[in-house]
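Trainee: Respectively, the protein sequence lines represent chains R and V. Position 264, counted from 1, in the first sequence is what numbering that gives the first Met the number 0 calls 263; the numbers after and before it change by one each time, with no gaps. Position 172, counted from 1, in the second sequence is what numbering that gives the first Met the number 0 calls 171; the numbers after and before it change by one each time, with no gaps.
Honestly, the hints are just simulated from the structure, not real lab data. Please note that the accuracy of each hint is not assured.
Identical copies carry no separate label here, and so any pair may be met within one copy or between two of them.
As the list claims (entries may be wrong) - With a straight-line Cα cutoff of 30 angstroms, these simulated DSS-like cross-link-like pairs (lysine-lysine) come out:
| # | residue 1 | residue 2 |
| --- | --- | --- |
| 1 | K341 | K27 |
| 2 | K211 | K166 |
| 3 | K242 | K55 |
No experiment lies behind these values; they were computed from the predicted model shown.
2 protein chains.
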Amino acid sequence: MIIDCHGHYTTGPRQLDQYRERQLAALKDPSHVFTKGSLGISDDELRASLENAQLKMQRERGTDLTIFSPRASTMAHHLGNAITSQHWAELCNELIHRICTLYPDNFVGVCMLPQSPGVDPRNCLGELERCVKEFGFVGCNLNPDPSGGMWTGPPLTDRWWYPVYEKMVELDVPAMVHVSSSCNPNFHATGAHYMNADTTAFMQFLLSDLFKDFPTLKFIIPHGGGAVPYHWGRYRGIAQDQKRPPLDELLLNNVFFDTCVYHLPGIELLTRVIPIDNILFASEMVGAVRGIDPETGHYYDDTKRYIDQVSWLTPQERAKIFEGNARRVFPRLDAHLSRRAKA
Amino acid sequence: MIIDCHGHYTTGPRQLDQYRERQLAALKDPSHVFTKGSLGISDDELRASLENAQLKMQRERGTDLTIFSPRASTMAHHLGNAITSQHWAELCNELIHRICTLYPDNFVGVCMLPQSPGVDPRNCLGELERCVKEFGFVGCNLNPDPSGGMWTGPPLTDRWWYPVYEKMVELDVPAMVHVSSSCNPNFHATGAHYMNADTTAFMQFLLSDLFKDFPTLKFIIPHGGGAVPYHWGRYRGIAQDQKRPPLDELLLNNVFFDTCVYHLPGIELLTRVIPIDNILFASEMVGAVRGIDPETGHYYDDTKRYIDQVSWLTPQERAKIFEGNARRVFPRLDAHLSRRAKA
Chain R
0 MIIDCHGHYT
10 TGPRQLDQYR
20 ERQLAALKDP
30 SHVFTKGSLG
40 ISDDELRASL
50 ENAQLKMQRE
60 RGTDLTIFSP
70 RASTMAHHLG
80 NAITSQHWAE
90 LCNELIHRIC
100 TLYPDNFVGV
110 CMLPQSPGVD
120 PRNCLGELER
130 CVKEFGFVGC
140 NLNPDPSGGM
150 WTGPPLTDRW
160 WYPVYEKMVE
170 LDVPAMVHVS
180 SSCNPNFHAT
190 GAHYMNADTT
200 AFMQFLLSDL
210 FKDFPTLKFI
220 IPHGGGAVPY
230 HWGRYRGIAQ
240 DQKRPPLDEL
250 LLNNVFFDTC
260 VYHLPGIELL
270 TRVIPIDNIL
280 FASEMVGAVR
290 GIDPETGHYY
300 DDTKRYIDQV
310 SWLTPQERAK
320 IFEGNARRVF
330 PRLDAHLSRR
340 AKA
Chain V
0 MIIDCHGHYT
10 TGPRQLDQYR
20 ERQLAALKDP
30 SHVFTKGSLG
40 ISDDELRASL
50 ENAQLKMQRE
60 RGTDLTIFSP
70 RASTMAHHLG
80 NAITSQHWAE
90 LCNELIHRIC
100 TLYPDNFVGV
110 CMLPQSPGVD
120 PRNCLGELER
130 CVKEFGFVGC
140 NLNPDPSGGM
150 WTGPPLTDRW
160 WYPVYEKMVE
170 LDVPAMVHVS
180 SSCNPNFHAT
190 GAHYMNADTT
200 AFMQFLLSDL
210 FKDFPTLKFI
220 IPHGGGAVPY
230 HWGRYRGIAQ
240 DQKRPPLDEL
250 LLNNVFFDTC
260 VYHLPGIELL
270 TRVIPIDNIL
280 FASEMVGAVR
290 GIDPETGHYY
300 DDTKRYIDQV
310 SWLTPQERAK
320 IFEGNARRVF
330 PRLDAHLSRR
340 AKA
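Next comes chain R alone, as it looks inside the complex (with noise of 0.2 angstroms):
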């Protein structure tokens, strides 16, 4: 079973931006009382938006199922409040929850939080548990820079994310470590945003205790952790200079990598520096890159093309990366799909 465990809602109906549109043009009037409303999206034109985008590559690339999330870029919890935040959020997870319905063979969910910068992410906690008890969700994505490139909240180690942890503890789920859009004009968002967020979790981790505190707390590192596998020879040197335990001791119980990197030499790297339990597939289709190369003829997010060229990986080592590893990440994807293989 090949299962992919980063792919976002991109390819929506156009409902969505709408609703977007009008909830962030409500902001201007200060007097207007904002509630959820809905989507008005029918389930045809869910999968309509669906069977020519997602599932159409998972037929042809011959992966499984997708861990899929609402779309990262859209996410902007920069923009708006508390309250616009937790709406946005609501409406975006439940459209996942209908598609995990509509396709159970297919896709399985994560949830995007109501973030929303400066606020308590105390605020997260009630739509993280809903996800995952009433909707039966793996995961969720935690975006490490509210502010939408700014940077102006706290490390993901201060103790003001100790609640979604504990959170996170007790209901068994990761964290996609997930920015969204940026508002800075220095960072274009999935070309340096994403990759710099990436970078700036591992190394945040790598400096706190955080893991001691939560020894079984878990973070996936998207776009296959930045730059962090191409300078691990800087990470391993910083983290000795500055007297903390090797990585693999320090972090590699609760930091994983994903194989969202759009060429072989990459993937190759990747698995070279990387202890193969750590490295989990993901393609991040329908997504960052939608072309194909013109130096292989096959689309650069074809990850899974990438991992069957690699020449030094066994079978048993390609069944962690496409499966095995997924599986001990998203514990409760273990079990949703142990009980379905025995239903």
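Using the hints, position chain V against chain R.
Mentor: Then chain V, alone, in the frame of chain R:
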């Protein structure tokens, strides 16, 4: 000849820090009138600070010449104001000049600039010109984020920076894009802020027509280009999606990467995906990582060893990385070395 294009004076005598501390402490007194003053460092102290550090490592590692600039982390443009930055930059650059005069075979100078957040970078032109024309420096370090991790200024591709680029083109000197320390608690300096700035600058270049406006402008992106080579497929794909020209045509006449990547797999990736003509040897010693890698028994930052081990490099390619590319990217270095060879 082996040219290390990226070395900072990280081992200065204590007077250097003491000057800076006094200068910054004086900011608390609004009536204080700043004068440049002097550092009170003797030639013997300069020699002592280098003999058992950079010079010893050059000898031990078999490198010849280091392109040497003031310590990056203590540029700290976010502290103080334009006047303190001016005095601090001048004094630091003068030290580099004295070092290059004491050890003309071992060091060639690159200057820091008196940047200050929100201050028109025209204030840097005089110091740049002084360092190049009076001291014989061959380049400069340009901080893309003088706010020190707050990223409050415009991107490097904004016309805000054009006066600096005009002067660089006029003087025929490149800039290394190099941030300083971070006052943002999210960003560890050498583990996150440096990498992020490298990645960010590349993405800014990718989206702009800067090199149409300045066809001969040249930048070195340090630390192996941040996340860029590891994600080269992503960047090729984003450029393609955005209808930009291919990367080689778009920016590889103007953008170069150094080899400050502290393990063999990273250096192998760099030399596999980036054209050899765009790679300049560098180690950044004595710098971000100072220990010995227990996996190899050698210093993490002894990057020459990694390049020596890349099996597929031809002698011609190695010569480009070690010498030829630096002489091409730093035309004033080439002229200097040619003069020296004739003398």
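Trainee: Are the hints correct? Go through all of them and say.
Mentor: Hint check results:
When the C-alpha separation of K341 and K27 is checked against a cutoff of 30 angstroms, the pair qualifies neither within a copy, at 53 angstroms, nor between copies, at 71 angstroms. For the identical chains of this complex, K211 and K166 are intra-copy neighbours only, at 16 angstroms inside a copy versus 52 angstroms across copies, given an alpha-carbon limit of 30 angstroms. For a Cα distance limit of 30 angstroms, the shortest separation of K242 from K55 across copies, 25 angstroms, qualifies, whereas the shortest one inside one copy, 49 angstroms, does not.
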